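Visitor: Listed below are the residues making up each chain.
Number of protein chains: 2
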Amino acid sequence: MPKLYVIGIGPGDPELLTLKAKRILEEVDFLFFPKGREEGVSLARSIVEAKVDLSKKNIEELHFPMAKKGEWEHGPELREKWQIAANKILYRLNDGMDVAFLTLGDPGLYSTFFYLIPFLEQSSSNVEIEIVPGISSINVAFSKLKIPIVLGDESFAVLPATYAKDIANVIKQFSTVVLMKVNKVFNECRELMREIKDVDTYYVARLGMDGETVIEDLDLVGEEDLTYFSMLIIKRRKDA
Amino acid sequence: MPKLYVIGIGPGDPELLTLKAKRILEEVDFLFFPKGREEGVSLARSIVEAKVDLSKKNIEELHFPMAKKGEWEHGPELREKWQIAANKILYRLNDGMDVAFLTLGDPGLYSTFFYLIPFLEQSSSNVEIEIVPGISSINVAFSKLKIPIVLGDESFAVLPATYAKDIANVIKQFSTVVLMKVNKVFNECRELMREIKDVDTYYVARLGMDGETVIEDLDLVGEEDLTYFSMLIIKRRKDA
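From first to last, the protein sequence lines stand for chains A and B. This note's numbering numbers the first residue of the first sequence as 1 and each following residue consecutively. This note's numbering numbers the first residue of the second sequence as 1001 and each following residue consecutively.
No lab work stands behind these hints, which were simulated from the structure alone. Given the structure is predicted, the values throughout are model-derived calculations rather than measurements. Just so you know, not all the hints are guaranteed correct.
[Unchecked claim] Within a straight-line C-alpha distance of at most 25 Å, the following computed SDA-like cross-link-like pairs (lysine to any residue) qualify:
id	chain 1	residue 1	chain 2	residue 2
1	B	K1146	A	I129
2	B	K1051	B	D1029
3	A	K35	A	N169
4	B	K1051	A	F119
5	B	K1146	A	E26
6	B	K1238	A	D29
7	A	K3	B	P1014
8	B	K1144	B	E1080
9	A	K146	B	G1096
10	B	K1238	B	G1208
11	B	K1146	A	V170
[Stated by the list, open to error] Cβ-to-Cβ under 10 Å is the rule here; a few derived chain B residues that face chain A:
id	residue
12	D1013
13	D1106
14	V1132
15	V1140
16	I1149
17	P1160
18	K1165
19	A1168
20	M1193
21	R1194
22	G1211
23	T1213
[Unchecked claim] Here chain B is said to cover these stretches of chain A; the calculated rule only asks that three of the stretch's residues, wherever they fall, bring their Cβ under 8 Å from a Cβ of chain B:
id	stretch
24	50-63
25	87-98
We put the CB at the ideal spot given by N, CA and C, even for glycine.
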C-alpha cells in the first residue's frame, strides 16, 4: 500500500535533518510542501535541497491558511481548503506513489498536518501514514543558549502567545516556560516580566535562518527583532 | 581551541540521529558515554555503532549516578563524582582533542550533562561547548501514536513522575500533559485518571528499544510493562 510520510525537517539548519528523513526524502517520488506561513515553503525547500537532490522529484505546494483552533471548530472555508489539500495527497497515493508531506520543526508541535487527518481518513481508500519526528525549534533554542530545558525533577510548559497574560501564574508552577510566536505580544510580556522576580528570560527568533536572534536581556529586544518564528523563554532561577 | 560537543542521539532508533550528530561523531577522536542509568551505555553505544565506525575511536564511560535535583542541592559524594567526570573530559580537551559527550534523546531534556557544567567552568582553561540537539522520546511517542503534541492555540506541560498527584490539576490548564518515567507511580496515576473525564490517555515505554510498548487503554498495562523509559500521555478531548 502506498504510504504518506509526514516528515519533520527541523527548524532551519539542514544538518538537523535526521538520517531517516534524508533516506525517505531520497526514496519518495512526490513531495508536498505546505504553504501556510510566511516563508514556510522557501525555507522548507532550502533545508531539503541542501541535503537531497530534488531535481527528479515531483513537488507540489499545498496552499492552506494557518488555523488557530482544532479543525472541528473551523468554518467551511478553511475546511474546504483542507479537503482540497487532502484530495491532492490522496490522488497521488491512489496512483500508487509514496509521498512525503514536509513540516518545519517536529510534526507534533503546532504543524498544520494534523488538520488534514480527518479529511484523509474520510477517504474510502485506507491511507497508511508514518510520522517521522524532527528536531523542534524549542530543542534548538535551549541548545544554542547552552541551558537545559529541564533537569532532575523540574517541569516545563509550552504555550502559544495567546496565553501571555497567564505567564506569571504558569512560572509559579513550572521551572521553565516557553511562550511560542511571542512577537505580537512581546511588549506586553516584557512588562509582565518586570514584575516577576527570580527568573531568567531569553528572547530567541529565527533559529538556523537568516536573521537568527538570541537576546538574554529583554530590554535589548527591538521592534526589528520581533518576527514570526520567535519565542520567549522564562526559567526560574536555581536558587529561587 | 578544542571543543566539547554534547550530542543528542535520540531515544533508540539509530536512524533518528541527525546528519550533524553523525558528522561530528565521525570527526572527533574521543567519545564519552555517561553511565548513570540502567542500560544507558549499551543503548547509546548500539545507537551510535549502527551508523558510525567506532573501531578507531577512543571511548570512555563516565560513571556517575542519577541526580534528582539541581547540582547545587547535592551532597559532596555526588559532587565528587561530577568533578571526576569533568576532570576526565578536561584532561582530553587540554590534550588538544575534540571530544563528544553522548546523551540519549535531547541534551536539554533531563540529561545528566548539565550537572557537569559548573565543574567544567571552574577549570582554568576556557572550555568551548557546543550542544547538538537530538530527537527526544516525547517527539517519538507522539509520532508513533500519530497524534499531535499541540495544535493551533493548545498548550502542553511535561512533568517528572514526582508530580503525579498534581496531574488532575495540570490537565485542567493544559491540552496535553506528559508524565515522564511514570513506572513507579503508574498504579497511582491510573487510579487518578479514572476520576478524570474527557481525556485520552496513553502509556508508552522503551521507544525504539527492545520491548517497545504503546498501550492506549491503561487497564491493559501490566506490571511487566512498567519500565524505566516510560511515560504517561494525557490529552484533553477535542470536544471537551
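Visitor: Against the structure shown, which of the earlier numbered hints fail to hold, in ascending order?
Guide: 3, 4, 6, 8, 10, 11, 18, 19, 20, 21, 22, 23, 24 and 25
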